[in-house]
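Sequences listed follow chains A and B, in order. The working numbering numbers the first residue of the first sequence as 7 and each following residue consecutively. The working numbering numbers the first residue of the second sequence as 3 and each following residue consecutively.
In case anyone wonders, no lab produced these hints; they're calculated from the structure. Computed from a predicted structure; not experimentally measured. Heads up, a few of these hints could be off.
Unchecked claim - Between beta-carbon pairs, the in silico distance windows are:
1. L73(A) <-> L80(B): 40 to 48 Å
2. T116(A) <-> L80(B): 53 to 61 Å
3. D80(A) <-> V164(B): 41 to 49 Å
4. G99(B) <-> D80(A): 40 to 48 Å
5. Q7(B) <-> L34(A): 31 to 39 Å
6. G99(B) <-> I14(A): 50 to 58 Å
7. R88(A) <-> V64(B): 30 to 38 Å
8. A159(B) <-> A100(A): 46 to 54 Å
9. M102(B) <-> D80(A): 27 to 35 Å
10. L79(B) <-> T116(A): 36 to 44 Å
11. A105(B) <-> V32(A): 55 to 63 Å
12. L34(A) <-> L80(B): 36 to 44 Å
Said to hold, decoys possible - Footprint (simulated), chain B over chain A, 3 or more residues, beta carbon under 8 Å:
13. 122-135
14. 144-150
15. 156-165
Positions of the beta carbon are idealized from the N, C-alpha and C atoms, including for glycine.
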Amino acid sequence: MTDILQFIFTNPFTSAVAKGGLVLNVILIVAAFLVYAERKVSAWMQFRVGPNRVGPLGLLQSFADVLKLYTKEDIVPDNADRFFHRLAPLIAIAIALAILCVLTPASYITIGDVKYYISIAPNVNVGVLIILALTSVAVYGITLAGWSSNNKYSLMGGLRSSAQMISYELSMGLSLVGVLMLAGSLDMNKIVASQANGVWNIVTQPLGFIIFLVSSFAETNRAPFDLPEAEPELVGGYHTEYSGMKFGLFYLAEYANMFTASAVITTLFLGGYHAPGLSTVFSLLGLNVVEGDLLMVLIQVGTFAAKVGFMLFFFIWVRWTLPRFRYDQLMNLGWKVLLPLSLVNIILTGGVMLALQQLSIL
Amino acid sequence: MPSLQVLLFILLGIGAIATSVATITRRNPVASAMNLVAHFFMLFGLYLTLQAQFVAIVQILVYAGAIMVLVIFVIMLLNLGKEQSLDEKFSPYKVLGMIMASAFVVMMMSMILGKPSGYTQLSDKALANGTTESIGNVLFTQYLFPFEIISLLLLAALIGAVVLANRTAVK
């Protein structure tokens with residue numbers, strides 16, 4: 007057993023395929039339950055019951071929905087560009103899933119003196135940049151969907167989303183510079199390690215955190231920034247002309263993006279897989295658990311999942327609390343508020359770091 | 003059996019050539035632009051086989067993620083309609099262009115064939131030189147002056163664009 011594991015997980019190619027397959031299955035199930043959670047939480051906030059017919063407590067509702075989408079007729083408009091109409095949802099879901107490769111739900115596990123890293127692409131020198139690059143490419147799925155449908159509402163939705171994503175990408179990238187300066191690396195593992203002392207980046211980078219959070223909402227097209235699919239103005243926005251599982255893929259991509267955004271916020275600002283005060287608990291219990299033990303990995307994954315879960319709840323919470331922005335307000339917020347603030351954050355971080363260095367030298 | 007690196011190079015190279023040919027032969031402007039995006043992804047892979055992680059990711063971040071999104075944006079807003087309007091006619095400039103292009107091909111071929119043939123090993127320093135850290139170090143010490151000049155140039159272009167756009171708005 008260990009021989010086979012060692013063979014699979016020491017070869018970079020097979021280990022990436024094996025871990026990727028595992029993560030893919032996990033994320034699809036998580037996304038299915040996320041749809042259920044969204045409907046339950048919204049029902050709870052509006053004093054309704056929510057889905058409660060399919061399975062115990064309605065838990066199997068999403069699976070019934072997916073079955074429905076699969077068996078539904080797939081309609082493509084007459085004058086649509088068929089190739090790009092089919093390609094667009096694939097781009098959306100592929101990019102949403104590709105970002106998962108740099109996430110670090112736990113550090114590593116040691117089996118028989120060999121370290122196995124948990125993340126799919128561990129120790130990537132440019133980890134954070136991969137996340138930013140892939141989110142910037144994600145706009146093609148929505149834009150092409152809007153254009154290829156040959157429908158004016160779809161096109162308007164597609165154009166709005168590309169303008170929105172380009173605008174918020176800048177402040178999103180710049181808000182991370184402070185975190186990168188503190189960690190001194192773009193590697194996700196090292197950024198998590200820099201928060202191991204219990205001082206999370208949300209404490210040292212409160213401004214960066216808020217800017218990144220707001221930009222994440224805009225990048226995932228979630229309320230209050232869901233203008234690309236604002237139903238009073240644009241019918242369904244970019245996915246007006248989509249039906250069946252193609253629509254399902256867009257829906258899935260939205261929830262996968264939400265999961266990724268929560269996981270990235272957890273990793274960069276909320277200490278990643280580190281649980282505060284874990285070492286004191288271990289010493290009180292008289293346990294000797296070091297990094298790499300199975301128990302430690304389980305605790306790390308649990309901590310990570312709990313933090314991501316809270317962030318996901320936060321996403322849903324905001325959606326059912328805040329009204330939608332107007333388009334000019336959205337652009338003003340992005341360009342005139344968030345972008346200057348993220349630049350101020352970089353200067354402040356640099357200044358404080360320099361001052362602290364000078365003080366410790368003097 | 004060639005190594006994984008050579009195999010990847012061959013696959014990505016064929017992909018890069020195919021997508022770049024498709025970029026100039028497609029009549030549909032959006033298809034053409036999307037082929038260019040695919041081409042950037044092939045280049046991304048090629049840079050990765052050379053251990054240049056930073057250059058590879060910047061290729062996606064800047065070209066595929068920012069510049070091409072704007073290009074697609076403009077194509078959609080312009081609403082070109084009938085692609086026939088892009089049909090080209092014979093002109094003397096085209097002959098001149100062909101001569102220039104073939105001269106360029108001859109020059110490139112002489113450069114490539116003049117080199118010693120065979121696959122050369124990647125340098126040991128390639129991995130260290132490709133990191134963000136080493137590029138940042140060089141950029142902010144040795145090449146600081148050109149870096150600042152380029153920043154100023156871009157800033158001037160930015161202000162120029164704002165002034166041009168604003169003048170039409172005021173009228």
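Hints, verified against the model:
{"no.": "1", "hint": "L73(A) <-> L80(B): 40 to 48 Å", "in the structure": "holds, 42 Å"}
{"no.": "2", "hint": "T116(A) <-> L80(B): 53 to 61 Å", "in the structure": "holds, 58 Å"}
{"no.": "3", "hint": "D80(A) <-> V164(B): 41 to 49 Å", "in the structure": "holds, 46 Å"}
{"no.": "4", "hint": "G99(B) <-> D80(A): 40 to 48 Å", "in the structure": "holds, 46 Å"}
{"no.": "5", "hint": "Q7(B) <-> L34(A): 31 to 39 Å", "in the structure": "holds, 33 Å"}
{"no.": "6", "hint": "G99(B) <-> I14(A): 50 to 58 Å", "in the structure": "holds, 54 Å"}
{"no.": "7", "hint": "R88(A) <-> V64(B): 30 to 38 Å", "in the structure": "holds, 31 Å"}
{"no.": "8", "hint": "A159(B) <-> A100(A): 46 to 54 Å", "in the structure": "violated, 34 Å"}
{"no.": "9", "hint": "M102(B) <-> D80(A): 27 to 35 Å", "in the structure": "violated, 49 Å"}
{"no.": "10", "hint": "L79(B) <-> T116(A): 36 to 44 Å", "in the structure": "violated, 56 Å"}
{"no.": "11", "hint": "A105(B) <-> V32(A): 55 to 63 Å", "in the structure": "holds, 57 Å"}
{"no.": "12", "hint": "L34(A) <-> L80(B): 36 to 44 Å", "in the structure": "holds, 39 Å"}
{"no.": "13", "hint": "122-135", "in the structure": "holds (count 4)"}
{"no.": "14", "hint": "144-150", "in the structure": "holds (count 4)"}
{"no.": "15", "hint": "156-165", "in the structure": "holds (count 3)"}
This entry does not satisfy hints 8, 9, 10, going by the numbered hints stated previously.
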